[in-house]
Amino acid sequence: MLQNLVLIVVIVLAVFILMRLTAGDPARMSTPVFASDEILQTYREQFGTDKPLTAQLWDFVSGLPKGDFGTSFRYQEPVFSLIWQRVPETLLLAFTALVLALVFALIVGIAGARWPGSWIDRFGIAASTFGQSAPTFWIGLMLVLIFSVNLGWFPAVGFTGWKSLVLPAIAVALAVMPADLRVIRASMMDALNQDYIRTARAFGVSEARITLFYALRNAALPLVTVVGIDLGYLLGGTIVTEVVFNYPGVGQLAIDSVNARDYPVIQAITILTAMVFVFVNLVIDLLYMALDPRIRIEA
Amino acid sequence: MASTALPLTGDPGASPAMEDAPQELSWWRDFLGRNGARTFLIGLFLFTLIAGAALAAPLITEHDPSRNNITARLRPPFWNKDGGGSTEFVLGTDGLGRDMLSRMLFGMRVSLVLAVAGLLLSMALGVTIGLISGLVGGRIDMILMRLVDLQLAFPYIVLAMAIVAATKTSIGILIILLGLAGWVYFARVVRGVVLQEMQKDYVKAAQVLGASRWRIGLRYVLPNVMPAIAIIATLQLPGLIIFEATLSFLGLGIQPPTPSLGGMMLDGSQYIASAWWVITLPGLAILLVTMSLNIMSDGLRQLLDPRLQTV
Amino acid sequence: MVSSLPTDRAPALSVRNLTTVFQTREGVVRAVDNLSFDVYPGECVGIVGESGSGKSVASLSIMGLIGYPGRVDQGQVEFGGRDLLLLNDKQMRSIRGTQIGIIFQDPLTALNPLFTVGRQMTDVVRAHRKVSKSDAAALAVEKLRLVGVSAPESRLSAYPWELSGGLRQRVAIAMALLLDPQLIIADEPTTALDVSIQAQIIELLRSLKDQLNFSLIFVSHDLGVIRSIADRVIVMYAGHTLETSQVDALFQQPNHPYTAALLGSAPTLASDPNQPLPAIEGRLPSLNNVPKGCVFAPRCHFSTERCVSERPLLQTAGQDGRQVACFYPLGAPVNEGVGR
Amino acid sequence: MTAVAPVVAMENVVKEYAVRGQGGKGTLRALDGIDLQVARGEIVGVVGESGCGKSTLAKLVVRMESPSSGRVLIEGQDAAALSKDEIRTFPRKVQLVFQDPYGALAPRMTVGGAIEDPLRIHGIGDSASRKAKVSELLTLVGLGDRLASRYPHQLSGGQRQRVNIARALALEPEILVLDEPVSSLDVSVQAQVLNLLRSLQQQLGLTYLFISHDLRVVRYLCQKIAVMYLGNVVEYGTAETVFSRPRHPYTLALLNSIPDHQVSMRDQRSVLLRGEVPSPIERPSGCPFHTRCPMAREICSESRPMLREIAPGQWAACHFSEDVPALGDQERMSAKAP
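Chains as they are written, first to last, in numbering that gives the first Met the number 0: chain A, 0 to 298; chain B, 0 to 310; chain C, 0 to 339; chain D, 0 to 337.
Keep in mind that the hints were calculated from the coordinates and are not lab data.
Everything numeric in this text was worked out from a predicted model, so none of it was measured.
Just to be clear, a hint being listed does not mean it is correct.
[Stated by the list, open to error] In silico DSBU-like links for lysine-lysine, alpha-carbon gap of 35 Å or less:
hint : chain 1 : residue 1 : chain 2 : residue 2
1    : B       : Lys-203   : D       : Lys-130
2    : B       : Lys-80    : D       : Lys-92
3    : D       : Lys-130   : B       : Lys-199
4    : B       : Lys-203   : D       : Lys-132
5    : B       : Lys-199   : D       : Lys-58
6    : B       : Lys-199   : D       : Lys-92
7    : D       : Lys-58    : B       : Lys-80
8    : D       : Lys-130   : B       : Lys-80
9    : B       : Lys-203   : D       : Lys-24
10   : D       : Lys-92    : B       : Lys-203
11   : B       : Lys-80    : D       : Lys-83
12   : D       : Lys-132   : B       : Lys-199
13   : D       : Lys-58    : D       : Lys-132
Required output: the full structure, derived from the provided sequences and hints.
Right under this line is the structure:
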């Protein structure tokens, strides 16, 4: 827990300093190229970037406990509500993609471990090699080309209902699925090779029960871990996919903010992401404990 | 001792063939007979083909990849004769009438050079950090691994975008970005293997023989880390190619007029309804090269994983 | 103990010409080659051999537990009037655990670490009988008590790794006994244990066998362990049966040079510390390259050209169903220095 | 215990490890005050069941671990108080052979490389003389020097253990600690390695500390025996006396537990030890063995018996050593067994 807190503090500082040191002057981005120094100065005062770095940092940090992430330079709105408006869409996309990827990976991975070399196993390996090899944005573009432009089944851009979710979710799922599938298949194979599986077999426990109950229970541990790792792919994939589909989520906002040097928004997004990461990892630790009694003892 | 279900574990060295036959002569046949050897060779062959074509781009195509030709805009590939395709522009032209094939070849060249440079950087960084972390342990290990977690904590692409947007894109910056993208995987895996190996008796034996920590690390442990490094490298390279393309697609990578695969697709996305090939073909090119690397990596993993070699 | 072959009864298990092969990179190897033996009711047959002798593969083959890349190539395993090798998966499953029980070498890996002892035992009961969970648990408690586990009720909620090695193996034995099988196969059941615990487990198996009258196949690499429990012994080497005999006859007067040499090379408390051990020179053959003639010929002191070129078959030698696969079987007792 | 100045001496050695386990932190006492002396040229066997501390003892002698208290003296020098130079040359005095011959060899190092490396570490000889030494060592352990270019996975178990022995001998140590060196080998191969160890000891005048769980092997190879139980030496003496007339009930029980292939089942009536070894984290009070001892009386749970000389050349840590029945005369003892 303490480690996680330290982690978040380090992220806050790193993001803050990195933004201030490397990024250009946000005032210049918001004003015409030929703006005078006075105009630039007013903008800087308005943004708060005229103050020394330490003061800016203090302003920023002191607002955090109140949930105040500052005000967007570009929209002149509280950053938190700006992000919050877009969270549901992004969550929806990420969650749908994760479920799609997991369901596919579970079915194909278990079948592949049970019957290695079978058609379903080979299909799974091919699909995951494809997902690993193709850039997510290109998969998005191809989906648009086929299903929107040529077939007209789904809308190409924006968010107008569940149909807008289908193509982006598939694109993100394809980015996440390969890692899941590999881990599930490998850990299932490993579990099926354990002595206690042979024991269960030797005592006449049915194959279905052995696979779905004995082995899967043991394979569930690495699976939980992989979901944690998925998070990175998931968020990365979501950002790119949102751009391709012009999907109104947090990823879009992040890219727009990068281009506009809208520090407070970028800061807030990275910090919130880190918090989500920490939270998910906490859940994973708890899940581990629930799944493996050996860990319960050690904790 | 007790035997296991597999009868072959008993005494692997005992066959007279092993004792007397000159092993060097048959190593190639032996190699081909191993799990994953064929897969690896197929991947290697494909990759060499593509990389060779990209590196020899000026010899293959006569078109200047950057020369606009307004009279020959959006020509389809040669097989679409009705749409105006011809063998002059084998794979058609883009929105500015530039030859797709030569742009793809030159773009691939840039991609590969960048990705390989990034890979070498991340390998050097990651292996060093992983080794230090695993060998030294303690506080230093904890700090380094926190650093790894930190990088994994948020999508790297946001950070990369911020840096690129702030510092003006240059080849150097891009290589550094790519290098920083991959080191965590090397560091993690190398550290893991080192820690695992350090538990083994041969390391303890070396300690008892008086070997220093660094001697043990470099002479005894490092050779066992090599397979893992090779596998990660073949896995990371396609990842870096895709990452570079993604940055270029977002307009943050290689800047025009230098051709890049990601940039081609960014340009092409405005013609998605009229000229499918402008976005499709560069993606396919990436797919081919990354797929060949992933196949290679698969084969390598089977080749180098001793557990898979029993059958 | 049974000292002569109980031929008046039908065998509980009859194995004929069992051959199990494994597919390897170098080709097909025969892990068990033409194994035949009978187990009579209430009898303990010991299978003894070193690594790669095929003793464990044989026991797994009987249970139909050989998986890819191995398979049973030929033979019959007659049990309860049926050939087990001809049964389909479902029929075989109904026999495992109910009519044949098995005990594995390492109870730590043989028991599922994520399930409690009770869960694993009741699972076995409920795989074969339509009983309630509490009835199944009651049966588990009964068998745990039978094998001398103290406070059996409370052990049901323990995980295998929470138990000591000896207790774990007792749980594994209780599991094998759950549904009162006629035959129990024990594959190196004491190898992972300390000597004092090993003695307890052997004593336990002996008394259970006398009490419940099941047949026992006991696989071990340890000659002393085999002598302390088996009625009859099969000596295996590189997949082949070299000798079978009543237990005392085998140890007092081994007929096969390998048996004799093995007995000689294993130190006992009575071995003379001032004499070098009569070791068997050379090493175990790889199954990829089993000698063409007698499998032991390359290491045998008595081998002749015939031994190298021709494989001796298992032939009856003496009384009590004693068999030996050797052209020049030994006659003198081991104590008079047959090893070399 | 020995008149000659010992090459290895342990003086009241205690080794504790902090452990985290069920119910929080605790202290695992692996060695509980060991006194042991090994004279030059002796083969001393240390036997006991798993968890008795015999492997920890081996680690202390080769300086892989240092004692929590007490002293380990190698040739009279405290192993924990060596100068930098002495630490560097220490491996040339004491070497270790591991149980698992495969795990003890680096998988990607040739046999020759593995044997040569200690010579390089200690800067012994030039490249040519080291190569000569390697082939000499390989011959010494009964392997041909063409094996030098092989990798461990190409060797059989017996060959691997011979390589390990050759490597341990490369630095020409006087003391060889052998930690279960034959217990992972097949019976027929085990005999070969035992014979090799014996002839090496005689040829080179080595001192062996031979750790094993197998009393039969120890009986065959060793001149002196230390029987360990729960971190204590409970009996010590010449192999002959200890095995023919044990003076500690644990030794007697161990001897009785060994299944002997020369004794018919009908004649094997072992006195079984009750229960299992207690946890070294929660050690019993008094005599560590009293929880399982068929002879235990009240005093055994109260006061801990010290190692005392029962007969010439034989020490035992038991209040009732004199009452321990002779081998084969166990009626008195088993009568008390439950």
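We went through each hint and held it up to the structure:
1. B:Lys-203 / D:Lys-130: 24 Å, holds
2. B:Lys-80 / D:Lys-92: Not satisfied, since the Cα-Cα distance of roughly 86 Å exceeds 35 Å.
3. D:Lys-130 / B:Lys-199: With Cα atoms ~27 Å apart, Lys-130 (chain D) and Lys-199 (chain B) stay inside 35 Å; holds.
4. B:Lys-203 / D:Lys-132: OK: Lys-203 (chain B) and Lys-132 (chain D) at ~23 Å, within 35 Å.
5. B:Lys-199 / D:Lys-58: 15 Å, holds
6. B:Lys-199 / D:Lys-92: 23 Å, holds
7. D:Lys-58 / B:Lys-80: 81 Å, violated
8. D:Lys-130 / B:Lys-80: The hint is violated at about 74 Å.
9. B:Lys-203 / D:Lys-24: Given that 35 Å is the threshold and the Cα spacing comes to 27 Å, the pair holds.
10. D:Lys-92 / B:Lys-203: It holds: about 17 Å lies between the C-alpha atoms, which stays within 35 Å.
11. B:Lys-80 / D:Lys-83: Since the Cα atoms of Lys-80 (chain B) and Lys-83 (chain D) sit roughly 84 Å apart, the hinted pair is violated (cutoff 35 Å).
12. D:Lys-132 / B:Lys-199: Within the cut-off at roughly 27 Å; holds.
13. D:Lys-58 / D:Lys-132: Between Lys-58 (chain D) and Lys-132 (chain D) the Cα gap is close to 27 Å, so the pair holds against 35 Å.
Violated hints, listed in ascending order, are 2, 7, 8 and 11; each of the other numbered hints is respected by the structure.
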